[in-house]
Amino acid sequence: MSALSQSQAHPMSKLSTGKVALFIILISESVFFTTLLVAYAALRDQNSWLIDHSLARLTIPLINTAILLLSVIPAWYAVVNIRNENQSVLLISLIATFMLGLVFVAGQVYEFNHAGFHINDQAFGGVFFTLMGFHALHVIAGEVFLVINIIRTRLGDFSSSAYSPVEISTWFWYYVTVVWLVLFIALYII
Amino acid sequence: MTVQAQTKSKLAKPDLSGFLSWVMTVDHKRIGIMYLLTAVVFFMFGGIEALLMRIQLMQPENKFLSPDVYNQIFTMHGTTMIFLAVMPLAAGFGNYFVPLMIGARDMAFPKLNALSYWTYLFAGAFMYSSFFLGGAPNDGWFSYAPLTEPLYSPTHGMDFWIMGILLLGFATTIGSINFIVTIIQLRAPGMTLTRMPAFVWAQFVTAFLAVFSLPSLTTAVMLLLLDRQLGAHFFNVAEGGSAILWQHLFWFFGHPEVYILILPAMGIVSEVIPVFSGKPLFGYTAVVFSMIAIGFLGFTVWAHHMFATGMPATTLLFFAGDTFLISAPTGALFVAWLGTIWKGKLRFSSPMLFSLGFVAMFLIGGLDGVHLAVVPVDWQLTDTYYVVAHLHYVLFGGAIFGIFSGIYYWFPKMTGRRLGEALGKWHFWFFFIGMNLVFMPMHVLGLEGMPRRIYTYGTGRGWEIWNFVETIGAMIIALGVLIFLINFFVSIRKAATSEADAWDGFTLEWKAASPPLVYNFAEIPSVRSRRPLWDEKHPELADWKMENK
Chain A
23 MSALSQSQAH
33 PMSKLSTGKV
43 ALFIILISES
53 VFFTTLLVAY
63 AALRDQNSWL
73 IDHSLARLTI
83 PLINTAILLL
93 SVIPAWYAVV
103 NIRNENQSVL
113 LISLIATFML
123 GLVFVAGQVY
133 EFNHAGFHIN
143 DQAFGGVFFT
153 LMGFHALHVI
163 AGEVFLVINI
173 IRTRLGDFSS
183 SAYSPVEIST
193 WFWYYVTVVW
203 LVLFIALYII
Chain B
85 MTVQAQTKSK
95 LAKPDLSGFL
105 SWVMTVDHKR
115 IGIMYLLTAV
125 VFFMFGGIEA
135 LLMRIQLMQP
145 ENKFLSPDVY
155 NQIFTMHGTT
165 MIFLAVMPLA
175 AGFGNYFVPL
185 MIGARDMAFP
195 KLNALSYWTY
205 LFAGAFMYSS
215 FFLGGAPNDG
225 WFSYAPLTEP
235 LYSPTHGMDF
245 WIMGILLLGF
255 ATTIGSINFI
265 VTIIQLRAPG
275 MTLTRMPAFV
285 WAQFVTAFLA
295 VFSLPSLTTA
305 VMLLLLDRQL
315 GAHFFNVAEG
325 GSAILWQHLF
335 WFFGHPEVYI
345 LILPAMGIVS
355 EVIPVFSGKP
365 LFGYTAVVFS
375 MIAIGFLGFT
385 VWAHHMFATG
395 MPATTLLFFA
405 GDTFLISAPT
415 GALFVAWLGT
425 IWKGKLRFSS
435 PMLFSLGFVA
445 MFLIGGLDGV
455 HLAVVPVDWQ
465 LTDTYYVVAH
475 LHYVLFGGAI
485 FGIFSGIYYW
495 FPKMTGRRLG
505 EALGKWHFWF
515 FFIGMNLVFM
525 PMHVLGLEGM
535 PRRIYTYGTG
545 RGWEIWNFVE
555 TIGAMIIALG
565 VLIFLINFFV
575 SIRKAATSEA
585 DAWDGFTLEW
595 KAASPPLVYN
605 FAEIPSVRSR
615 RPLWDEKHPE
625 LADWKMENK
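Line by line, the protein sequences are chains A and B. Count along the first sequence from 1, then add 22; that gives the number in this note's numbering. Count along the second sequence from 1, then add 84; that gives the number in this note's numbering.
Keep in mind that a hint or two might mislead.
[To be verified] Stretch by stretch, here's where chain A covers chain B in the computed footprint (C-beta under 8 Å, at least three residues):
hint: 1; segment: 305-313
hint: 2; segment: 386-399
[Stated by the list, open to error] According to the in silico footprint, chain A covers these stretches of chain B (three or more CB under 8 Å from chain A):
hint: 3; segment: 262-272
hint: 4; segment: 320-328
Simulated from the structure, these hints should not be mistaken for laboratory data. No residue lacks a Cβ here, since even glycine has one placed at the ideal position from N, Cα and C.
Please model the complete structure; the sequences and the hints are all you need to start from.
Right under this line is the structure:
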């Protein structure tokens, strides 16, 4: 942002510009995932699906779900602590979220390699890898935001009165987690 | 005010000049001008493609273009006009005038704004490079699968189209987010939502339409890309895919897209008509709600593009009825424009002529749309020239007339000079007569059963005379464009008069200098009514005083 627009008076709104932007982006992202899910539903309607519902098959996805759900806790804790000006806990919380995210990505890579089918195996292969792949890309984007915020925390950029980027990255993280839950239910459970 | 300090900090930056200062700029006005100029160039490309098609169709059994080239030309004509001309023209005006009209100094994210423009320019150049790299896309602007599957479209043309559309979708999405955030966050004191100019409202609704609808196009082209490049089978029925899925995904974007193209033009017309009638916009609230309603309804009618695909009767009924419903808010807009003209002190300058042309031509396009919403009529007319007539009355008679109205209206603000009035009127009449000669006979051809997108036709069907007339009309439009270009280059060389308020306007952009300074307003204006500049010029007749009486 240029110096001009940052310092200019805009008294008609008390919202944070970054949060408004994030909100609009997430709406747009939701339409994207919804249309992918519609494609999934439409194709599923007329095909046999290859996912086996046994517990053995679901082990890795279930562990991944648990890890991602767990990662929400330090993300939330990061915001709580910067509000209290607790820089060191903020740093540790962000790193913890980031590490759990990495474990999730590793788990997904393993899952992709052991799925037992490929993107060109019938329509199902395409749907599975497209949905999972785009979600994984979003997790990686979330990881990038977290890394940026970890560096900025080290540089002392945040305080109890200025922590909007931390909130934005954690909100994005919650969003990615919610999308995962929807995809997990749609692709593995139903 | 901290303006002086800010101006100084601006000056302290390395002083770039000439070409580089445009490349590096994040100023919304310069980005707006770059959008407009680039889009006008692409408009010429699309126009030349249209001329080539008209020359080919001038006579039956013509050999001017080969079928293969013809396919590439009509695909690129549609793609260019929609994605590379009309959308960026609207984005250019939005960039330039939304911050000025709401009393802001720039967009909310100036750098994203620059990114959005450069992505658009790259995507356009990328798509056009396909002509020299093995053939342009050739499956029509809506690229129906499975025709676009690798088996049936083996050249890389489709891949160019897919990548180009992905980039353009990205550019438009970040641009739209920027508009939404700017309008929510950066309004001047007193500029409440109910006082925002109609053009800003139109851009606001358009931005929401883009943000909600483009992801569906992204999904569609992404799936197609995976089909083509990684051997997935989304649209391959033999492997459990679905051919109709493309149409649903595409038109869920494609119909809102129609309103993305027309709403900014409606916004321009809703600014021009009041100023040139010397009256406030009649039924402002109805105009705003109509635009919002059109936006909402636009998302619920997509399958009316697919009546011929064999849908269940209830589905047909729903989408037909829903489509009729759009006539209601659209009709309200016509009432508002006519009510504004009614008993006004009319000035028939070029911007007003183009706006009035918009009202008349868009009406015809709208009525054609109602015909096509009648399912049995659509079954008869789908994929004929009747559809081509309809969409061009809406997009040429509508969007393009609105945009040229905007060009004539805002040119003095952007350059400090007026476009020549006499040439402007010639331009208008060439456009008006030319477009009716091209597109009115298409109704007849459509009713006579001439399919769209055929590269030639046999003799003795009664199509020759109308095709000939259409080609003459296309030449007249081309002459109109030429007149505009002459007007542009003559006017830009004249000495600047720099009059701030060229047309006795109502809205805040006319308060700034012509062209405006980098920071737009030395002091952020404060607003008490829908016509802040009128209030300032006529303190005793100010709108807010009248409201209180």
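Hint by hint, here is what the structure shows:
no. : hint    : result
1   : 305-313 : holds (count 4)
2   : 386-399 : violated (count 0)
3   : 262-272 : holds (count 7)
4   : 320-328 : holds (count 5)
In this structure, the one hint that does not hold is number 2.
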